[in-house]
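Residue numbers (our numbering), protein chains in the order written: chain R, 1 to 360; chain L, 1001 to 1409.
To be clear, the hints were calculated from the coordinates, so they are not data collected in a lab.
Be careful, since some hints might not be right.
Under the rule of at most 30 Å between Cα atoms (straight-line distance), these lysine-lysine pairs were calculated in the DSSO-like manner [said to hold, decoys possible]:
#: 1; chain 1: L; residue 1: K1155; chain 2: R; residue 2: K103
#: 2; chain 1: R; residue 1: K317; chain 2: L; residue 2: K1231
#: 3; chain 1: L; residue 1: K1186; chain 2: L; residue 2: K1374
#: 4; chain 1: L; residue 1: K1128; chain 2: L; residue 2: K1155
#: 5; chain 1: R; residue 1: K156; chain 2: L; residue 2: K1398
#: 6; chain 1: L; residue 1: K1374; chain 2: L; residue 2: K1400
#: 7; chain 1: L; residue 1: K1066; chain 2: R; residue 2: K156
#: 8; chain 1: R; residue 1: K236; chain 2: R; residue 2: K210
#: 9; chain 1: R; residue 1: K184; chain 2: L; residue 2: K1122
#: 10; chain 1: R; residue 1: K45; chain 2: L; residue 2: K1108
#: 11; chain 1: L; residue 1: K1211; chain 2: L; residue 2: K1287
#: 12; chain 1: R; residue 1: K156; chain 2: L; residue 2: K1405
#: 13; chain 1: L; residue 1: K1128; chain 2: L; residue 2: K1108
#: 14; chain 1: R; residue 1: K103; chain 2: L; residue 2: K1395
#: 15; chain 1: L; residue 1: K1108; chain 2: R; residue 2: K317
#: 16; chain 1: L; residue 1: K1066; chain 2: R; residue 2: K317
#: 17; chain 1: L; residue 1: K1157; chain 2: R; residue 2: K184
#: 18; chain 1: L; residue 1: K1400; chain 2: L; residue 2: K1370
#: 19; chain 1: R; residue 1: K45; chain 2: L; residue 2: K1128
#: 20; chain 1: L; residue 1: K1395; chain 2: R; residue 2: K156
#: 21; chain 1: L; residue 1: K1128; chain 2: R; residue 2: K103
#: 22; chain 1: R; residue 1: K317; chain 2: L; residue 2: K1088
#: 23; chain 1: L; residue 1: K1386; chain 2: L; residue 2: K1370
#: 24; chain 1: L; residue 1: K1155; chain 2: L; residue 2: K1066
#: 25; chain 1: R; residue 1: K236; chain 2: R; residue 2: K212
#: 26; chain 1: L; residue 1: K1155; chain 2: R; residue 2: K184
#: 27; chain 1: L; residue 1: K1231; chain 2: L; residue 2: K1108
#: 28; chain 1: L; residue 1: K1122; chain 2: R; residue 2: K317
#: 29; chain 1: L; residue 1: K1122; chain 2: R; residue 2: K103
#: 30; chain 1: R; residue 1: K164; chain 2: L; residue 2: K1128
#: 31; chain 1: R; residue 1: K184; chain 2: L; residue 2: K1088
#: 32; chain 1: L; residue 1: K1211; chain 2: R; residue 2: K156
#: 33; chain 1: R; residue 1: K76; chain 2: R; residue 2: K334
#: 34; chain 1: L; residue 1: K1186; chain 2: R; residue 2: K164
#: 35; chain 1: R; residue 1: K164; chain 2: L; residue 2: K1122
#: 36; chain 1: R; residue 1: K183; chain 2: L; residue 2: K1108
#: 37; chain 1: R; residue 1: K164; chain 2: L; residue 2: K1395
#: 38; chain 1: L; residue 1: K1155; chain 2: L; residue 2: K1108
#: 39; chain 1: L; residue 1: K1108; chain 2: R; residue 2: K184
Please read these numbers as outputs of a predicted model, since none were measured by experiment.
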Amino acid sequence: MKKNNTLLKNIFNVLFPVISALILGGIIIATIGENPFLTYSVMIKKSLFSLDGLLKTLHFAAPLILTGLAIAITFKANIFNMGVEGQAVLGAFFAGVVGFTVKGLPPVLHITLCVLTGIVVGMLFALIPALLKAYFNVNEMVVTLMLNYVVVEIVKFLSQGVFKDPASGYVSTYPIAESAMFKKIFGSNLTVFFFIALIVFGIMYIVFNKSKLGYEVKAIGKNPEFSEATGMNVSKKIIIIMLISGAISGLAGAGFLMSEKYRFTLDFSGSPGLGWDGMLIALLGSHNPVGILVAAVFYAALKTGSDYIGVFTNVPKDIVGVIQGILILLLSVKFFNEQFHLFEKVKLLWKKSSSTDFNK
Amino acid sequence: MNKITKKLSFLLALIMLVSMVFTGCSDSKAGDSSASSTNASNSSSGTADLGPGIALITSAAGPNDKGYNQSAIAGLEKAKSDLGINYKVVETTDIPGSLTQLAGAGYKLIFSLEYNFDALIKGVGGSKPIAEQYPDTTFVIFNDNPNVNDDGSVKHKNVVSVLFDVHEASFMAGALATLVNENAAKLFNSGDYSFTSGDAGRKVGFLGGSKSNGITVFGYGFAEGINYVAKELNVNYTFYSDYNAGFSDSAAGATKANTYYSDGANIVYAVAGAVGDGVDAKAKEVKKLSIEVDANKDANQPGNILTSVLKNTEVPVYEIAKNFKDNAMDKVNGKVLSYNLSSGATGITDLSVIESKVTADGKAKWDEIKGQLKTISDKIASGEIKVTNAQAGEKFDKAKLANLKMPND
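Okay, chain R solo, but in the shape it has when bound (with noise of 0.2 Å):
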């Protein structure tokens, strides 16, 4: 029975926001005259209700599901990534040098070598906040979020210079090779990338569930120093969970790239970007797997849903932006509420002044 209940809080605590912030949308929709029920069916039967949306949906949820799990593992252990959007970034980008560069590959090699790349290349950019706080105790969350900034220029100058395709009208590196190409399935959107996601996240809900690094990661997010007095060592395992983190944005932002974008380009990552769409996704799934692959897979469906209601009805895409906002606002208090106990705090107030008034 206790088991239930906390379930059922979970699917609370899922579904509470993300309604909230349809109903909301509804009204403004509604205000600006158009039909919101409409405007929604378009959007869910769409993205999620037709065989073509739901594998394109599917396909979007990949690089999110990644992200968010990134952000999750270390949100655990209250270390706070903030530079998923950069290390998926500059992870992507070393994939498409590798797949322009390199040629001649057979197709499963050339995807390995970059998907590689940019692992490798996320887990060493997650590895200067990691040493910093591991060793001199300098605060992750200004490292990481400061390092993106960094990471939006290092691109810029690269895919401007060296890499740039003289032939692109825009700022653009070389297109991909063939090879390098997750290939889409059946003429559908899905790619094997999709399913690359899968497993990771299959490995991850082992790591977060069943493995000793994640009971410790939730010691350490619990109580670090108790979790050193315990025998634990604590720094060593900061560094081990930010390149975890560093390993799957950079999995994330690669295998974007590889199946949807095929070239590097400024606007990449999109606005909000991949890593920052992840930390909603990991505040709404509660950095818990299974809820992380539900949000993914809902604001995949949000945001292929936007495409659609641009196409078929007269709402502006901007509409999903508010919504986002929406959500996001939501969860923020949501956020806070579980790190400041607000709503305990409001009620304990009121009840006070209540028991005054009666007074009185």
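Let chain R serve as the given structure and place chain L on it in line with the hints.
Coordinates of chain L only, in the frame set by chain R:
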């Protein structure tokens, strides 16, 4: 605990109810509306092959960018009122996905203003090019011509490439800028402007959104225009450029422009979307001049915008729409439509806004300048002046510009 489960079950029931309402409503309504829209388009057009009309995918700048996208939509609006063709504007980040969606939904003419051609022309990830998947749909792309094989033959019959000779328009702007800069004291009331005179003022600034062919084509044409006039007048100019201005930060644009202005430059040219707004505002503040791009924005800061280098997407959009209506798509299919100065789709504005600031004494000089510009544009048309077209992949050699220094290009 009992309370919680009660609340939750109530909530879940509510959710189910809401979702039922959603799907219930949607089924009938979606069906209705699609049916009615097809009926409407069939009855209004009379001919069957117009389908649902024309679709247009905007570039990242969006439909209200006061330039490139907005003029294209103006072309569609004109096509709607003149020719009665419905249109649909789509804003998206997933260009290939939207192209497929629109073609699948029966649109027979689709304009795509974004640079994103791989999936359309080449096909990616092992799938066929979108142009091949939908052979009955004409796709119109802008600013580039990727639709050629290595041997120069046309790849897809149903793709149209639209190119603007903006290098020539930019050349005109460069020539105008130099002529005005040299004669500023004669042309304008000294109270209205505070130009830096003499050699210290023989400087021009250029702000580009990114270091790519689509932007450098403007900068190089501009530089060559300045050099051309400077050579005739036997003076030397300095050309400051910054190709990292981005397309959105107008405040940063104002700051960068100000460094040029305070260094002595009298004219700054911005090819960087909304960044230009900041440059115009700064020009007004320091009483100097700026040059705008894409649409005619001369009246945004009257008297402080010298001219706008036009890239008027309205013209090709309307022309192609007309062919579409007349069932004459054969005329354009598979072709490269190139718009030069004489087409009216590119060039500089008629200068009427800045002309109102010219003093009575300066009128004669002003007419002389306009005459010189006419000569230059004729020389470009006849091929006597050759302007580097970076967009077509031509190499720019700054060493050839004898009267222009480009210290940071």
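Item to check | Hint consistency between K1122 of chain L and K317 of chain R [alpha-carbon to alpha-carbon, up to 30 Å] | outcome: holds, 28 Å
Item to check | K164 of chain R paired with K1395 of chain L [C-alpha distance capped at 30 Å] | outcome: holds, 15 Å
Checklist entry - Taking only the CA atoms, is the gap from K156 of chain R to K1398 of chain L under or equal to 30 Å? => result Holds, because 24 Å separates the two Cα atoms, which is no more than 30 Å.
Next on the checklist: Please verify whether K1155 of chain L and K1108 of chain L have alpha carbons no more than 30 Å apart.
Outcome noted: Roughly 19 Å between the alpha carbons, so the hint for K1155 of chain L and K1108 of chain L holds.
Next on the checklist: Hint check: K184 of chain R vs K1088 of chain L, CA-CA at most 30 Å. Holds or violated?
Outcome noted: This hinted pair holds, its Cα atoms lying about 29 Å apart.
Checklist entry - Taking 30 Å as the top limit, are the C-alpha atoms of K1066 of chain L and K156 of chain R close enough? => result holds, 27 Å
Item to check | K1128 of chain L paired with K1155 of chain L [C-alpha distance capped at 30 Å] | outcome: With Cα atoms ~13 Å apart, K1128 of chain L and K1155 of chain L stay inside 30 Å; holds.
Next on the checklist: Tell me if the straight-line CA distance from K1231 of chain L to K1108 of chain L falls inside 30 Å.
Outcome noted: Violated, at about 51 Å.
Checklist entry - Within a Cα-Cα threshold of 30 Å, do K1386 of chain L and K1370 of chain L meet the stated pairing? => result Distance ~20 Å between K1386 of chain L and K1370 of chain L Cα, so the pair holds.
Item to check | Pair hint K1211 of chain L and K1287 of chain L, alpha-carbon separation not exceeding 30 Å | outcome: holds, 29 Å
Checklist entry - Would the pair K317 of chain R and K1088 of chain L pass a check requiring their Cα atoms to be no farther apart than 30 Å? => result At roughly 13 Å apart (the allowed maximum being 30 Å), K1088 of chain L and K317 of chain R satisfy the hint.
Item to check | Pair hint K1122 of chain L and K103 of chain R, alpha-carbon separation not exceeding 30 Å | outcome: Judged against 30 Å, a Cα distance of about 18 Å means the pair holds.
Checked against the numbered hints listed earlier, the structure breaks hints 2, 24, 27 and 34; every other hint is satisfied.
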